[in-house]
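K.L.:
From first to last, the protein sequence lines stand for chains G and C.
Per this note's numbering, residue 125 is the first one in the first sequence, and the count goes up by one each step.
Per this note's numbering, residue 273 is the first one in the second sequence, and the count goes up by one each step.
Derived from the structure by calculation, the hints contain no laboratory data.
Where hints are given, some of them may not hold.
Stated by the list, open to error - EDC-like cross-link-like pairs, simulated, lysine to aspartate or glutamate; straight-line CA separation at most 16 Å: (1) G:K459 - G:E286; (2) G:K425 - G:D302; (3) G:K379 - G:D497; (4) C:K413 - G:D423; (5) C:K413 - G:D282; (6) G:K156 - G:D141; (7) C:K602 - G:E275; (8) G:K526 - G:E378; (9) C:K299 - C:D367; (10) G:K379 - G:D207; (11) C:K306 - C:D370; (12) C:K413 - G:E286.
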Amino acid sequence: MAPKRLTCTTNLKPLIDNYYREVLEAPQNGVKTVWVTASIPLEVLRGMRLLPFWPESYAALAASRKFGPDLIDAAEGYGYSSDLCAYAKITFGSLHSGKGPLGALPRPDIVIAANNQCMTVQSWWREMARFHDVPCFIIDNPRVDGDPTPEQQTYVIDQLKEMIDFIELSVGSKLDEDHYQEVIAHSNAFQVLYGRILDARKASPIPYTGGDLFTHLFPAVTLGGTPEAVSHYRLMLEEVEERIARREGPVPEEKYRLLWDNIPMWYRLGFFDYLADRGALFATDTYTDAWRHDNFLIDPKDPFPAYADRLLTVYTNRGVAWRTRRIVELVDEYKIDGLLIHSNHSCKYNSLGQVDINEAVRERIGVPALLFDADQADGRFFNEEQTRSRVEAFLEMLDQRKIKAT
Amino acid sequence: MSTTISETLAAFRQVATDPMASVRRWKDEHPGAKAIGFFSGYIPEEVIIAAGALPVRMILPPDPGPIAVADQYAQTFTCSYVRGCLDQAIAGHYDALDGVVFPKTCETLTFMREVWHRHVPRQWVGFLQAAAVTNTAAAHKFSRVQLDLFIADLEAFTGQPVSDERLAAAILACNAVRGLLREVNQSRRADPPPLGGADALAIALAAQVLAKDEASDKLRALREALGDVAPGRPDGRARIMLSGSNVDNLGLLEAIEAQNARIVADDLSTTTRHYWDDVATDLAPREALVARYLGRIPDSSRHPTDRRIDHVLALARDYAVQGAIFITRKYCETHLYEYPYVRDRLAAIGVPTLFLETEHHFTSLGQIMTRVGAFVEVLV
Numbered sequence: 125m126a127p128k129r130l131t132c133t134t135n136l137k138p139l140i141d142n143y144y145r146e147v148l149e150a151p152q153n154g155v156k157t158v159w160v161t162a163s164i165p166l167e168v169l170r171g172m173r174l175l176p177f178w179p180e181s182y183a184a185l186a187a188s189r190k191f192g193p194d195l196i197d198a199a200e201g202y203g204y205s206s207d208l209c210a211y212a213k214i215t216f217g218s219l220h221s222g223k224g225p226l227g228a229l230p231r232p233d234i235v236i237a238a239n240n241q242c243m244t245v246q247s248w249w250r251e252m253a254r255f256h257d258v259p260c261f262i263i264d265n266p267r268v269d270g271d272p273t274p275e276q277q278t279y280v281i282d283q284l285k286e287m288i289d290f291i292e293l294s295v296g297s298k299l300d301e302d303h304y305q306e307v308i309a310h311s312n313a314f315q316v317l318y319g320r321i322l323d324a325r326k327a328s329p330i331p332y333t334g335g336d337l338f339t340h341l342f343p344a345v346t347l348g349g350t351p352e353a354v355s356h357y358r359l360m361l362e363e364v365e366e367r368i369a370r371r372e373g374p375v376p377e378e379k380y381r382l383l384w385d386n387i388p389m390w391y392r393l394g395f396f397d398y399l400a401d402r403g404a405l406f407a408t409d410t411y412t413d414a415w416r417h418d419n420f421l422i423d424p425k426d427p428f429p430a431y432a433d434r435l436l437t438v439y440t441n442r443g444v445a446w447r448t449r450r451i452v453e454l455v456d457e458y459k460i461d462g463l464l465i466h467s468n469h470s471c472k473y474n475s476l477g478q479v480d481i482n483e484a485v486r487e488r489i490g491v492p493a494l495l496f497d498a499d500q501a502d503g504r505f506f507n508e509e510q511t512r513s514r515v516e517a518f519l520e521m522l523d524q525r526k527i528k529a530t
Numbered sequence: 273m274s275t276t277i278s279e280t281l282a283a284f285r286q287v288a289t290d291p292m293a294s295v296r297r298w299k300d301e302h303p304g305a306k307a308i309g310f311f312s313g314y315i316p317e318e319v320i321i322a323a324g325a326l327p328v329r330m331i332l333p334p335d336p337g338p339i340a341v342a343d344q345y346a347q348t349f350t351c352s353y354v355r356g357c358l359d360q361a362i363a364g365h366y367d368a369l370d371g372v373v374f375p376k377t378c379e380t381l382t383f384m385r386e387v388w389h390r391h392v393p394r395q396w397v398g399f400l401q402a403a404a405v406t407n408t409a410a411a412h413k414f415s416r417v418q419l420d421l422f423i424a425d426l427e428a429f430t431g432q433p434v435s436d437e438r439l440a441a442a443i444l445a446c447n448a449v450r451g452l453l454r455e456v457n458q459s460r461r462a463d464p465p466p467l468g469g470a471d472a473l474a475i476a477l478a479a480q481v482l483a484k485d486e487a488s489d490k491l492r493a494l495r496e497a498l499g500d501v502a503p504g505r506p507d508g509r510a511r512i513m514l515s516g517s518n519v520d521n522l523g524l525l526e527a528i529e530a531q532n533a534r535i536v537a538d539d540l541s542t543t544t545r546h547y548w549d550d551v552a553t554d555l556a557p558r559e560a561l562v563a564r565y566l567g568r569i570p571d572s573s574r575h576p577t578d579r580r581i582d583h584v585l586a587l588a589r590d591y592a593v594q595g596a597i598f599i600t601r602k603y604c605e606t607h608l609y610e611y612p613y614v615r616d617r618l619a620a621i622g623v624p625t626l627f628l629e630t631e632h633h634f635t636s637l638g639q640i641m642t643r644v645g646a647f648v649e650v651l652v
């Protein structure tokens with residue numbers, strides 16, 4: 125039986141359609157476009173009246189709409205290795221073939237990446253810049269073991285200022301201060317709402333599925349700083365809080381509260397419905413947290429420390445020891461029964477260290493984990509039948525643990 | 273080939289194929305001194321030398337066999353070289369090393385620092401995370417901070433303060449070796465070249481294992497002997513260049529050259545990219561090291577990489593290259609991303625490229641030889 129979707133899900137399609145229409149029409153509308161990675165402060169970009177476009181988000185969309193295999197074939201046909209990130213392969217395939225869910229993508233004016241989420245983006249953005257023959261700026265992020273050091277923060281802030289100079293020089297855009305302040309206000313407002321939506325999963329039953337949250341990530345990734353993101357998450361939070369008040373979840377019975385680690389398989393979000401159908405819901409995950417910054421809202425008078433913190437403290441920029449501690453905290457905070465760990469062929473930064481993390485978590489708090497192989501956007505690396513068998517055995521084991529505990 | 277050349281090459285090959293024996297010998301000659309492994313040319317050997325230790329390039333044994341245990345700790349889609357080294361370290365192969373230093377140059381190396389620390393606990397683990405971006409003021413400032421932190425960490429481990437004087441001396445010693453490597457490498461412009469590709473690789477690798485004075489002595493002897501070699505007659509074997517990541521296996525290059533080819537040039541992190549640029553001696557030593565770190569021919573892990581592309585094209589032209597083999601370890605994503613662009617730029621100057629990807633142990637050598645043979649047939 126399909127889980128009960130949030131009704132505000134219907135609000136997403138017009139948001140997505142409008143956004144991508146803006147992207148496709150940008151050249152004829154005289155709007156400058158910048159291709160960016162997820163952590164680039166889009167408040168600055170919107171404040172400079174640029175339209176940001178996220179190749180990763182586009183690749184996830186392409187994968188979910190089943191364009192992945194053809195675009196990956198096109199990329200591999202051009203000479204890109206099958207072992208590269210599937211998001212990158214999908215984008216390269218789209219560039220070289222002119223095909224994809226949006227058709228041919230318009231040429232950007234500049235491209236900017238931050239390597240906090242992975243170092244792959246450095247190479248990927250460089251090659252996209254070469255393809256389009258446009259300037260490329262990279263924000264380099266040192267690895268953070270504990271808290272960011274003052275030198276690390278200074279380095280990132282220095283680069284953010286260099287980025288603004290780069291944009292001014294490359295495309296002539298300047299910060300429109302009044303508009304920038306509005307963008308920052310919207311961004312902070314959406315962050316507060318988003319944080320409450322994620323926290324709502326502490327309730328039992330969890331009010332929505334993991335698949336729902338991944339679907340509703342779109343505004344957080346692409347529309348932060350706009351009034352549309354604020355209204356969407358306000359709508360979503362209202363509905364979520366109503367469900368909590370009614371003690372209503374997306375499925376009749378919540379049997380297992382799980383933690384999800386890594387990016388989801390975008391071509392197979394139905395896998396989360398399969399899990400939900402078995403009463404397995406995700407109370408928390410290590411992925412959607414990347415867009416959560418309600419613990420460090422932007423100071424409109426001095427925004428750079430918040431931007432630097434967001435870049436430096438993202439999950440993927442942390443080492444094994446920190447991630448272990450964080451997962452132990454999440455298990456306690458969200459009352460987790462087990463961990464479902466996606467060993468993602470496309471993403472080393474999310475996946476490396478998972479074995480050590482699982483062992484360390486089990487040693488410390490005894491919570492079991494299931495690690496399975498797949499890929500975020502290349503379905504060739506996901507054997508769903510085999511994974512389902514392992515999941516069934518894992519859920520049975522969780523049942524046994526609950527019986528023993530009582 | 274003269275006796276001096278063949279003896280010197282044999283000595284270099286011995287070091288390149290069994291570096292740990294060379295390290296043990298050095299440690300016997302320097303009781304109490306430490307040997308420290310490094311995975312990348314972005315770890316400045318000068319600093320390790322100034323700290324009283326021997327810098328040793330992490331080289332896999334010629335026939336490491338399949339991974340025994342490392343796949344339990346690092347997924348199989350991670351760099352096969354680093355995973356192979358971890359496997360060998362757990363088995364005790366690198367026990368002669370007192371520590372290893374990881375750079376923040378690629379995802380696998382960045383992560384493997386913690387994995388190594390957990391699973392090879394007897395070795396000290398250092399980390400130098402200088403900037404990945406090489407052309408900004410912020411990168412320069414940050415890289416200097418990181419170098420200072422790394423040096424302080426290393427000083428604490430070896431117990432030897434790293435003075436500017438010691439650094440300056442180490443810089444001169446390393447520059448001397450680099451200069452000799454460049455001079456020896458020049459001999460490969462000849463047709464036929466007096467050195468084979470595997471020999472050239474052995475020389476470059478051995479120079480990253482031996483103490484610099486010993487490396488310099490051997491390189492000088494080789495340079496003098498090469499100067500006496502009379503030019504040979506071209507034999508029609510294809511002139512090939514290699515471009516890619518960190519090749520360290522002599523057998524692989526011999527297998528390539530057995531296909532009617534001569535490897536006359538290489539753009540690898542273990543060879544020319546490692547020794548092409550000197551450290552300036554007209555700057556304060558730490559500043560000079562930062563300047564070299566940021567200004568040297570970049571690996572694909574840095575940004576921008578235009579100077580690397582220029583280097584590839586210059587080698588192709590200067591060494592009269594007929595074809596290029598792009599060669600990388602499996603899952604070396606920084607180089608894999610750049611491959612199509614390198615291929616296209618070489619094609620634009622009339623140099624076709626063959627793509628080869630290898631695991632850390634070469635189970636598919638027969639396949640490699642077949643593909644190289646077919647490639648070479650088209651060239652000659």
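K.L.:
Determine for every hint whether it applies to the structure shown.
P.N.:
Structure-based check of all given hints:
As the CA atoms of K459 (chain G) and E286 (chain G) are separated by approximately 44 Å, the hinted pair breaks the 16 Å bound. Straight-line distance between C-alpha atoms of K425 (chain G) and D302 (chain G) comes to about 12 Å, which keeps the hinted pair within the 16 Å bound. Using a Cα cut-off of 16 Å, the hinted pair K379 (chain G) and D497 (chain G) is violated, with the two alpha carbons roughly 24 Å apart. At roughly 26 Å between alpha-carbon atoms, K413 (chain C) and D423 (chain G) are farther apart than 16 Å, so this suggested pair is violated.
Straight-line distance between C-alpha atoms of K413 (chain C) and D282 (chain G) comes to about 10 Å, which keeps the hinted pair within the 16 Å bound. At roughly 19 Å between alpha-carbon atoms, K156 (chain G) and D141 (chain G) are farther apart than 16 Å, so this suggested pair is violated. Between K602 (chain C) and E275 (chain G) the alpha-carbon distance is near 35 Å, which puts this suggested pair outside the 16 Å criterion. For the proposed pair K526 (chain G) and E378 (chain G), the alpha carbon gap of about 14 Å is at most 16 Å, so the pair holds.
A hinted pair counts as satisfied when its Cα atoms are at most 16 Å apart, and K299 (chain C) with D367 (chain C) qualifies at roughly 12 Å. Distance restraint check for K379 (chain G) and D207 (chain G): the Cα-Cα separation of roughly 37 Å exceeds the 16 Å cut-off, and the hinted pair is therefore not satisfied. A hinted pair counts as satisfied when its Cα atoms are at most 16 Å apart, and K306 (chain C) with D370 (chain C) qualifies at roughly 6 Å. Note on K413 (chain C) and E286 (chain G): the hinted pairing holds, with a Cα-Cα distance of about 13 Å set against a maximum of 16 Å.
This entry does not satisfy hints 1, 3, 4, 6, 7, 10, going by the numbered hints stated previously.
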